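Make a model of the complete structure from these sequences and hints.
Sequence order for the protein chains is A and B.
In this text, residue positions in the first sequence follow my numbering: the first is 1316, and each later residue adds one.
In this text, residue positions in the second sequence follow my numbering: the first is 110, and each later residue adds one.
Don't take each hint at face value.
Claimed, not checked - Reference excerpt, derived from the structure (chain A facing chain B, CB under 10 Å, subset only):
(1) Arg1405
(2) Phe1414
(3) Pro1429
None of these hints come from the bench; they were simulated from the model.
It should be emphasised that the depicted structure is a prediction, and the values quoted were computed from it without experimental measurement.
Virtual Cβ for every residue (Gly too), placed ideally from N, Cα, C.
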Amino acid sequence: MTTTTASIVEISGLTKVYGSGAAEVRALDDVDLLVPEGQFVTVMGPSGCGKSTLLNLLGGLDTPTAGTISINGTPLGDLPDDQLTELRRRRIGFVFQFFNLIPVLNAVENASLPLRLDGNGEANARATAWLDRVGLGDRLNNRPDQLSGGQQQRVAIARALSTEPALVLADEPTGNLDSKSAGEIGGLLRQVSTDWGRSVLMVTHDPRIASFAQRLVLMRDGRIVDDLMLDGTNEGPRVALERAGLL
Amino acid sequence: MKLPLTLAWRYLRGRGSRSLLTTLAVVFGVMLTFGLNGILPAMVEAFNHNLLSAAGRVDLTVTSAFNQPFRADVVDRMLAVPQVASASPGVQRIVPLPRSADAPPDALAQLVVVGIDLTTVGSVHDFPLAAGRMLTAGDNAAVVLNSDLAGQLALGVGDQLVLPAAGGTARFRVIGLLSSVTVPGQEQVYLTLPAAQQLFGLGARITLVEAAFTAGADRTATEQAVATALGPDYQVGGLSSQSTLLASLQTATFAFNMFGLFALATAGFIIANSFRTVVAERRRDIGMLRAVGTRRRTVIGMFLVESLIQGVIGTALGLVAGWGLAAGLFAVMAPIFENVMHFHVPSPLFSASTWITSILLGVGVTVVAAILPARAAGQVTPLEAMRPQLGGVYERRVGRRAWIGVGTVVASLFGLTTGSSSLVGLGAVVFLVGIALVAPAVVNPISNWAARPLELFFSREGAIARSNLQRNPGRSAITVTAVMLGLASIVAMISIVTSIFVGFTNYLDKSLSADYLLIPQSIVLGQGNVAAGPRLAEDLRSIPGIAAVSTLRITQAKSDGGDVQVIGVDPASYLKVAAFDWNSGSSDAAVAQLGTGRWLIANGVYAAQHRLVVGQAVLLDTPNGPRTYHLGGVGNDYLNAKLSTLYASQDNLQRDFNVTTDMLLMANRTAGADPDATKARVDRVVAGYPAFRLYESSSWRAEQMRTFSQTIVIFDVLVAALALPSLLALVNTLAISVLTRTREIGMLRAVGATRRQIRRMVVAESLLLSVIGTVFGAVAGLWLGYALVAAMSAAGWQMPYSFPWSGLLATVVVGITFGVLAAIGPARSAARLDVVAALHQE
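Rendered as structure tokens:
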């Protein structure tokens, strides 16, 4: 697929093999993918299809067996740990299934973590602004245990956005939420791409949440089996999954 | 606030009681190191304070290096030094006050009698009069003293003060009261110099010169100039000749430091354990931090900052507690010191090095203990953030470490058997480190064995408890090690105390075989005692029913650059009433040899310090010049067991040291003499010598034993303080064990375990840990105690090793009690867990 705008994510020939010999598992097998700026991509597929591995490699949390990844023009290739860490801090935002907030910090402190790690003097102001935008302007000083699951995930999204990253990676962001909260988070992630111009790459099992995305990538056995644009209706992902024999 | 600091502080606060518990461990360690080290400098200071003049404008004091009276022309030689403005000759002696039977225990036991030269003393001391008049020349039977002291003695102007003298007693009239304030331990009464010289039989000799410098004189240079002008026979500056007593205080400090170190090591283990758990609990948080861009070293730094905060808080509290401990110990010891040694101990004193050592150790141990867990935290990958939390099952490789541990234990045995106290100390620490390394490898096999008897009492819960303990041998081993350290300290300490006790009892029995003893009321500071002329011994000999009388005389000499106490014995009569506890190779023949020339007997401390062998020449500096003696034997007596001491014949003491007065008299009854009648006759003779107290050996022995038992109270306090950190270690581990297994406990409750069974499971685990720790501690403590006793024997404190049965019993009781106590809190919280919430906990 070709695009006219600059690609935030460029993946080529990406392969990840775990184990060796009889125990060898090809989690990713020669995957190519381009994600343009501001696009909201959802990755779906059965368990073990390689979607989480793809996300981990993209986030620089794991290293590929073969192939190249570049984020916002920077090849991850052989970056040493410290530079990789810095790249994650400045260009990538993470949203996890289990929220992963620091229990002893309040909402502002959690959301401002990456900025404070970067020594940013306006950390609190920027985190507060983002919390405001995700609808938590009135819960700034609450600790995670004083927030609902949906609210905790909003804090996590504010944290992911606080450094103005080019790419937001979301791993099953609604897996731990009730359906109402899940819908709200899906909508919020779409806003991240449409209103705030970030590329979002989200892994999910839930076709309803996937329908918030603009583009759907379907995976099976470590390969991309389908790649299509969505129309915003609930039916798109379902039809695609059925067509690929995944539903 | 910087992020790592904020996070560290919040996490610490978030852990609440667990942070408190681990911090308490640091508090205890610092308390022991700091508190115990505050005691020695205070004693040294007390010495100096008590011995040096407390008031006046004295810049410099000159005394005899041999503690002998000297000629007054020293004053002229001092005045020849340009910066010396004035010098005043004087006499200063401590005299005991006769003690009446109904006197309260804190009644004043001694006075410092000061003879002042009226023409010169004004340049170094003021005597502000409150009542009556000052001494004038020719006042030969008059004293002045401070009003507060007079009040204490119930004296007023015109009253009589009776003082013991060489020839019996002397009476003085109080003619004036001074308004100055008396320093405790310096209860001085002032006489004219001639009156004091007459009282003590000194002729024209004096015992000290006090000097004042010209304004702006260089203190150090002037002291040096005076020392050069007077030569080596004189001591310039402080009266710091009690170096032998200081040496035995230093031995005590060594033991103090070792136990303090043990307590801190225990604290280190507790903290290491806590941080290991904290890292395990926070893997998800750490993974997220790494994922959102935290560097490894920031993560490591975060944990180190957390330990630093704990270290700083714990150390600060420990310093406060240490001050309290020292003050408390002083409160217990003060009466003993004042009664036995007539030596006032004011309050603990903390030197700069004690502050620095305690702070560095307290903070250092905490941070060092956190280094390994912090590094483990740095190794957590960002991927951890993606995974659901794993259960708390993790095994550790222990093989190589265990072998290093075995090697360390073996290596430490060399240090422990050398007999040099510093090597024994090092060996002890290395030994414990070795055991700590071996512990993880052996804790599982041992718990298999130890669980069997336990399962008799905990038939259903015992097996689960054992497997809980075994699934994390690293954590169990650290706990066992911490318990071991605490209990090993107890056993080792009690070994030493029992051995000293048994050793002294033996000395008492052997060296005080006389039926009657005449002893000055203050026997340690030899220089302060009033001795008796030869008439007292003669009077005793003439009493019907007295078979043999022998006396001891005392003086000081210098040898090999140090001070040594020299005791004069009468070779002909000594063995009839007393005995030596001989070291191997020496016998009673050495006593007879003393009378045949310049022969000596050295006690064990002196012989060991100077590496003397029988037959060797010993050069002594005496007031009459250097004299060469030869060593005839090595033996000990009770009174001088702790001090470097040489024994010579009384003839030699007279010839080389000019000493002719008796310090201690011993007498035996003839067989068949009536004890009561004889005692009554002896009492009548002694009544003329109020400086002396008559003891029958049996009552003297009883009194000594009582004093000794009082000192043991101090050790009990110490033992308790040493054991407490191991209780904290147990509580901490159990609390962690319950916390990390919240979900499992929920499951156990869900499948039908009663609250009572959960409680018993935790108690069983606690008991198992404490029993293993107790076994380790008992074995390690026995071995350490044996090595320390051997080291002290090698250093000259001859003492038989005595097996500490009571210590072992105490240890087992303490170990099991701690096991139960430690489980109370964690068992209760485990049993109270809400099943549904526990099952849903991540």
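Cross-check of the supplied hints:
1. Interface restraint check for A/Arg1405: the shortest CB-CB distance to chain B comes to about 7 Å, inside 10 Å, so the restraint holds.
2. A hinted interface residue such as A/Phe1414 counts as satisfied when its beta carbon comes closer than 10 Å to some beta carbon of chain B; here the least separation is about 9 Å, so the hint holds.
3. The interface hint given for A/Pro1429 is met, as the beta carbon of that residue sits about 5 Å from the closest beta carbon of chain B, less than 10 Å.
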